[in-house]
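Residue numbers (our numbering), protein chains in the order written: chain A, 1 to 145; chain B, 1 to 145; chain C, 1 to 145.
It should be emphasised that the hints constitute simulated quantities derived from the structure, not laboratory data.
Incorrect hints may appear among the rest.
Unchecked claim - DEER-style ranges, computed between Cβ atoms: (1) 136(A) to 99(B): 25 to 31 angstroms; (2) 133(C) to 68(B): 21 to 27 angstroms; (3) 64(A) to 132(C): 44 to 50 angstroms; (4) 56(C) to 130(A): 41 to 47 angstroms; (5) 143(A) to 61(B): 46 to 52 angstroms; (6) 124(B) to 143(A): 30 to 36 angstroms; (7) 18(A) to 61(B): 21 to 27 angstroms; (8) 63(B) to 29(A): 30 to 36 angstroms; (9) 8(B) to 84(A): 18 to 24 angstroms; (10) 137(A) to 18(B): 23 to 29 angstroms; (11) 137(A) to 64(B): 40 to 46 angstroms; (12) 101(B) to 137(C): 22 to 28 angstroms; (13) 18(B) to 56(A): 43 to 49 angstroms.
Claimed, not checked - With the Cβ distance kept under 10 angstroms, some of the chain C side facing chain A (calculated, not the full set): (14) 14; (15) 29; (16) 64; (17) 75; (18) 98; (19) 100; (20) 116.
Given the structure is predicted, the values throughout are model-derived calculations rather than measurements.
Don't be surprised by glycine CBs; every beta carbon is placed ideally from N, CA and C.
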Amino acid sequence: MNSPREYSAGRRFMGRLSPGSDLLQSLQSFCRQRGIAVASFQLIGAVRSARIAFYDQRHKKYGELAIDRAMEIVSCSGNISLRDGQPFVHAHISLADEEGHSRGGHLLPGTIVFVAEVDVQELLGEALVRTPDQETGLPLWKIEP
Amino acid sequence: MNSPREYSAGRRFMGRLSPGSDLLQSLQSFCRQRGIAVASFQLIGAVRSARIAFYDQRHKKYGELAIDRAMEIVSCSGNISLRDGQPFVHAHISLADEEGHSRGGHLLPGTIVFVAEVDVQELLGEALVRTPDQETGLPLWKIEP
Amino acid sequence: MNSPREYSAGRRFMGRLSPGSDLLQSLQSFCRQRGIAVASFQLIGAVRSARIAFYDQRHKKYGELAIDRAMEIVSCSGNISLRDGQPFVHAHISLADEEGHSRGGHLLPGTIVFVAEVDVQELLGEALVRTPDQETGLPLWKIEP
Numbered sequence: 001m002n003s004p005r006e007y008s009a010g011r012r013f014m015g016r017l018s019p020g021s022d023l024l025q026s027l028q029s030f031c032r033q034r035g036i037a038v039a040s041f042q043l044i045g046a047v048r049s050a051r052i053a054f055y056d057q058r059h060k061k062y063g064e065l066a067i068d069r070a071m072e073i074v075s076c077s078g079n080i081s082l083r084d085g086q087p088f089v090h091a092h093i094s095l096a097d098e099e100g101h102s103r104g105g106h107l108l109p110g111t112i113v114f115v116a117e118v119d120v121q122e123l124l125g126e127a128l129v130r131t132p133d134q135e136t137g138l139p140l141w142k143i144e145p
Numbered sequence: 001m002n003s004p005r006e007y008s009a010g011r012r013f014m015g016r017l018s019p020g021s022d023l024l025q026s027l028q029s030f031c032r033q034r035g036i037a038v039a040s041f042q043l044i045g046a047v048r049s050a051r052i053a054f055y056d057q058r059h060k061k062y063g064e065l066a067i068d069r070a071m072e073i074v075s076c077s078g079n080i081s082l083r084d085g086q087p088f089v090h091a092h093i094s095l096a097d098e099e100g101h102s103r104g105g106h107l108l109p110g111t112i113v114f115v116a117e118v119d120v121q122e123l124l125g126e127a128l129v130r131t132p133d134q135e136t137g138l139p140l141w142k143i144e145p
Numbered sequence: 001m002n003s004p005r006e007y008s009a010g011r012r013f014m015g016r017l018s019p020g021s022d023l024l025q026s027l028q029s030f031c032r033q034r035g036i037a038v039a040s041f042q043l044i045g046a047v048r049s050a051r052i053a054f055y056d057q058r059h060k061k062y063g064e065l066a067i068d069r070a071m072e073i074v075s076c077s078g079n080i081s082l083r084d085g086q087p088f089v090h091a092h093i094s095l096a097d098e099e100g101h102s103r104g105g106h107l108l109p110g111t112i113v114f115v116a117e118v119d120v121q122e123l124l125g126e127a128l129v130r131t132p133d134q135e136t137g138l139p140l141w142k143i144e145p
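I would like the entire structure built from these sequences, with the hints used as guidance.
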């Protein structure tokens with residue numbers, strides 16, 4: 001691992017996102033309001049519709065997928081760190097339909113909550129900052145040894 | 001987020017569910033025996049068979065799926081809170097077959113453990129209570145500001 | 001649950017695995033270098049290619065699957081405990097392609113990182129040791145009451 005950073009446990013929040021809200025943006029607003037700069041989270045629930053993405057590693061761009069139907073949130077987890085000076089949520093999500101068949105990827109804005117039960121663990125320590133990474137084309141943590 | 005509650009870390013348990021036991025009920029019994037009222041958990045392992053559900057958001061009822069075969073537990077996570085005065089486990093699960101193809105949803109009783117390695121983080125603070133929610137038809141946390 | 005063990009929180013690490021590294025081995029090397037004997041972790045990211053497995057519960061052996069293409073890591077979680085006296089990572093992973101279709105299973109060496117953002121929670125307490133388990137044919141935690 002590339003010189004990982006050590007953190008201590010901050011506040012821990014359990015809560016629910018509102019039906020009809022944007023999953024990613026509502027989680028991000030919460031973090032910005034509470035001044036949560038580094039965190040790890042997981043959530044389960046269901047969505048009314050979803051927007052997810054797959055990163056094309058060769059062409060260095062995201063392809064987007066629209067899932068315009070109700071799905072269970074089988075898993076959704078990720079982290080909060082700083083991007084452009086603001087708390088930024090990076091989340092991946094797995095969804096399932098009424099046959100249990102799964103689709104998943106990188107969570108985009110535009111995914112609408114039906115129910116979402118969230119567990120957020122704030123982490124205290126040095127700021128974790130996303131900056132453009134040339135090799136991957138993604139905004140990644142730069143962690144110097 | 002709807003006025004999330006803040007918790008502090010309680011006991012942390014690592015353990016294994018017994019082969020042949022009911023995944024959901026055996027996790028729930030553990031929480032009831034140990035007096036764990038609020039918690040977050042994750043587990044990996046494999047099942048002999050599974051019962052999962054998809055919530056029909058329009059008709060407000062669960063449709064059930066039976067998977068009568070061995071599957072890997074790719075992920076299983078969720079939370080413990082109080083329902084009808086007792087610790088209650090809410091879990092979503094993702095399963096995979098020998099081709100890696102995935103099916104997932106809301107975990108039901110009747111899912112039988114082959115192996116399950118569980119990590120339970122108890123949370124200490126105000127009780128988190130499920131009550132009937134009219135808008136969704138589900139038993140949800142009522143968290144007043 | 002089979003007499004779970006109680007742990008307290010140790011160090012918490014947030015970091016990134018290097019592009020081109022072996023996901024499982026690089027996480028395991030990190031744990032060995034830092035002397036992490038018991039831990040729980042989760043990560044998200046993407047892989048260049050993957051090796052996963054499905055455990056044949058009847059014949060007590062793993063069947064392996066090669067996925068020789070880029071995939072998103074929708075979820076990847078598991079634990080660290082001791083096997084043959086060394087920190088050993090047990091992880092399950094869910095992957096998705098550009099249509100969001102998912103494949104998952106038990107993570108094997110040979111899965112190559114494109115990006116991986118890791119959250120590792122060290123746990124302090126009694127050693128958690130894997131030993132051969134006759135009933136399942138797997139190296140499992142033996143936890144005496």
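Quick rundown of the hints versus the structure:
At about 29 angstroms, the beta-carbon gap between residue 136(A) and residue 99(B) stays in the expected band of 25 to 31 angstroms. Between residue 133(C) and residue 68(B) the Cβ separation comes to about 24 angstroms, which falls inside the hinted range of 21 to 27 angstroms. One distance hint, 44 to 50 angstroms for the beta-carbon pair residue 64(A) and residue 132(C), holds here, with the actual separation near 47 angstroms. Range check, residue 56(C) to residue 130(A): Cβ separation about 42 angstroms, and the 41 to 47 angstroms hint holds.
In this structure the hint that residue 143(A) and residue 61(B) lie 46 to 52 angstroms apart at CB holds, the actual value being about 48 angstroms. For the pair residue 124(B) and residue 143(A), the supplied restraint of 30 to 36 angstroms holds, since their beta-carbon distance comes to about 32 angstroms. With their beta carbons about 22 angstroms apart, residue 18(A) and residue 61(B) fall inside the hinted range of 21 to 27 angstroms. In this structure the hint that residue 63(B) and residue 29(A) lie 30 to 36 angstroms apart at CB holds, the actual value being about 33 angstroms.
For the pair residue 8(B) and residue 84(A), the beta carbons lie near 32 angstroms from each other, so the given range of 18 to 24 angstroms is not met. Evaluation of the 23 to 29 angstroms hint for residue 137(A) and residue 18(B) yields a failure: the beta carbon distance comes to about 47 angstroms. Separated by about 43 angstroms at the C-beta atoms, residue 137(A) and residue 64(B) satisfy the suggested range of 40 to 46 angstroms. Residue 101(B) and residue 137(C) have their C-beta atoms about 23 angstroms apart, which keeps the hinted 22 to 28 angstroms range intact.
For the pair residue 18(B) and residue 56(A), the beta carbons lie near 45 angstroms from each other, so the given range of 43 to 49 angstroms is met. The interface hint given for residue 14(C) is met, as the beta carbon of that residue sits about 6 angstroms from the closest beta carbon of chain A, less than 10 angstroms. The criterion of a C-beta within 10 angstroms of any C-beta in chain A is met by residue 29(C), whose closest approach is roughly 8 angstroms, and the hint holds. At a threshold of 10 angstroms, the smallest CB-CB gap from residue 64(C) to chain A is about 21 angstroms, leaving the interface hint violated.
Interface hint status for residue 75(C): upheld, as the beta-carbon distance to the closest one in chain A is roughly 5 angstroms, under 10 angstroms. Taken as an interface hint, residue 98(C) checks out: its beta carbon lies about 4 angstroms from the nearest beta carbon of chain A, inside 10 angstroms. Because the beta carbon of residue 100(C) sits about 4 angstroms from the nearest beta carbon in chain A, less than 10 angstroms, this interface hint is met. For residue 116(C), the suggested interface contact is upheld, since its CB lies about 9 angstroms from the closest CB of chain A, less than 10 angstroms.
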